[in-house]
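Enquirer: These protein sequences, in sequence, are chains Y and G.
So the first sequence is numbered by this note's numbering: it starts at 1 and just counts up by one.
So the second sequence is numbered by this note's numbering: it starts at 341 and just counts up by one.
The set of hints was computed from the structure by calculation and includes no laboratory data.
Hints are not guaranteed to be accurate.
Said to hold, decoys possible - With a Cα cut of at most 16 angstroms, we get these calculated EDC-like pairs of lysine to aspartate or glutamate:
{"#": "1", "chain 1": "G", "residue 1": "471", "chain 2": "G", "residue 2": "460"}
{"#": "2", "chain 1": "Y", "residue 1": "215", "chain 2": "G", "residue 2": "434"}
{"#": "3", "chain 1": "Y", "residue 1": "263", "chain 2": "Y", "residue 2": "273"}
{"#": "4", "chain 1": "G", "residue 1": "470", "chain 2": "G", "residue 2": "452"}
{"#": "5", "chain 1": "Y", "residue 1": "215", "chain 2": "G", "residue 2": "452"}
{"#": "6", "chain 1": "G", "residue 1": "526", "chain 2": "G", "residue 2": "496"}
{"#": "7", "chain 1": "G", "residue 1": "470", "chain 2": "G", "residue 2": "460"}
{"#": "8", "chain 1": "Y", "residue 1": "215", "chain 2": "G", "residue 2": "439"}
{"#": "9", "chain 1": "G", "residue 1": "574", "chain 2": "G", "residue 2": "564"}
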Amino acid sequence: MTTIATVAAQDSALPKLRVDILPLLLVPVLALAMLPLVGSFPTWVTLTVAGLAMGMMVFMMASGLTLIFGLMDVLNFGHGAFVSVGAFTATLVLLPMKGWVEADSILLNLSVLGLAIVLAMLVTGMLGWAFERIIIRPVYGLHLKQILITMGGMIVAEQLIHVIWGAEQIPLQLPTTFRGAFIIGDAALEKYRLIAVGVGLTVFVTMFLVLNRTKVGLLIRAGVENGEMVEALGYRIRRLFVGVFMAGSALAGLGGVMWGLYKETLTAAIGGEITVLVFIVIIIGGLGSVGGCFIGAMLVALVANYAGFLAPKVALVSDILLMVTVLLWRPQGLYPVAKR
Amino acid sequence: MSELLLQLEGVHTHIGQYHILQGVDLAVPKGGITVLLGRNGAGKTTTLRTIMGLWHASRGTVRFAGGDITQSPTPEIACAGIAYVPETMSIFSDLTVRENLFLAARGVKSADQMDEARLEWIFGFFGALKKFWNQPAGTLSGGQKQMVAIARAIVEPRKLLLIDEPTKGLAPAIIQGMIAAFRELKQTETILLVEQNFSFVSALGDSVAVMDGGRIVHSGSMAELTEDRDLQHKLLGLSLDTHQ
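Generate coordinates for the entire structure from the input sequences, incorporating the hints supplied.
Expert: In structure tokens form, the structure reads like this:
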């Protein structure tokens with residue numbers, strides 16, 4: 001009897017799949033194309049690493065939103081609230097444990113950052129659970145109401161942050177060993193940016209493995225494509241909705257911690273300010289596509305960095321120009337997700 | 341009379357302001373193929389979706405295997421043993437054939453745990469699935485996608501299959517293959533089959549119900565309808581001769 005394993009082995013005889021690599025090439029092509037324009041190799045390396053680090057942080061914030069939109073068809077304009085809450089929750093660890101932050105020990109610094117991230121993700125995950133039940137659930141399928149109520153939710157969250165933490169800016173100190181830069185040749189690579197790249201890549205690889213190697217991940221991908229059919233197969237998609245919303249909110253919280261430390265200053269509007277960028281990223285990537293979101297985040301951040309260096313005035317609109325260009329090329333985004 | 345597996349009594353379904361099903365009475369006996377015929381817009385697909393809980397009946401009852409499932413949520417109905425193959429097939433095109441079937445195999449936690457003997461049984465009449473096992477389902481042809489959709493419904497034993505227009509848009513050669521597959525399937529499964537292709541269902545059906553205007557206007561044996569051309573004209577506006 002032919003086993004499934006041998007069936008899989010026979011696949012080598014099948015025609016090769018057409019993999020859409022053009023979007024994958026955009027990031028290296030863009031980076032290489034900028035090298036002669038920037039002129040100096042060390043400056044180009046610094047700009048590129050800074051862009052990738054920013055892109056990773058934006059990806060952390062945007063990846064949850066793209067899944068929420070793809071699976072639940074929910075336009076969550078309140079996603080930025082989870083970024084803000086995540087960043088402010090981190091202060092509950094980082095400020096009282098100042099000794100660990102200021103210690104010249106990578107172990108203590110990583111521990112305090114880890115604690116801040118875990119707490120922020122727990123709080124934003126639970127907040128996401130409540131947000132879905134109270135605010136989102138009554139407006140499933142009603143896009144206009146979703147926009148209004150989630151924007152309202154974000155305003156309420158910002159004001160609550162003012163009530164709890166006050167209206168003043170809160171300085172957030174980078175742990176000691178994360179400060180400074182590695183100097184390689186004439187290029188300066190900021191340590192914290194490299195950490196952000198590491199954390200972002202970890203999030204991406206984890207999401208990739210979960211979405212491709214687990215049944216829950218396959219259900220999420222299937223649900224993004226056709227939620228009704230997932231239900232007809234016997235799965236309660238509402239539970240998936242709640243799980244994805246909580247995970248997406250927790251990822252936004254993680255992004256908030258990383259972004260807050262990157263900015264080194266917190267205001268309640270930190271999430272609202274990044275929301276537009278996050279929406280640009282998920283539109284460029286293709287709504288519902290995590291891979292597209294990853295590439296979109298890298299492109300947006302790199303373009304912003306290069307434009308900021310080469311033509312600061314253009315930098316103000318560079319993300320919009322990038323989105324328009326991508327949508328003229330691929331109106332559904334870089335990796336459109338098949339919908340019913 | 342054989343035992344009834346599914347029974348609809350006076351089922352009304354509204355979609356928005358439209359009153360689609362207007363008192364459907366339908367009985368599906370256990371075993372074999374019951375065919376649901378009718379013109380476009382007669383309410384056939386709505387009937388299947390109402391049974392599946394994708395739209396809920398506003399009046400009437402749907403009983404399955406002795407239990408009332410009228411207002412049950414779709415996942416509960418699926419877990420009770422009803423599988424659904426929609427007209428649009430609704431395969432997950434980003435997932436491979438293997439992953440599509442794995443999701444339908446609710447009882448297993450990993451794709452490697454799927455019942456190999458049952459898969460071989462499926463490959464017996466849908467051989468292409470074996471060949472394209474690890475291909476994304478979206479890259480398959482229309483006929484192959486239909487095979488995935490049906491295979492997904494039978495990857496685990498079910499009590500009832502609801503299949504909506506499986507031959508729609510398929511080439512005649514593929515339809516012949518489908519007939520052979522359904523002949524084999526009906527030996528072990530109970531099927532409620534919605535079709536417009538009368539020559540296809542006349543070769544397969546055991547019993548038949550004809551819908552018009554959101555109601556069942558005729559029910560009986562398929563053999564009786566196949567032989568009675570006047571009845572075909574009256575109910576369907578066609579005869580077997582004109583619809584080959």
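Enquirer: What hint numbers does the structure not satisfy?
Expert: Those not satisfied: there are none.
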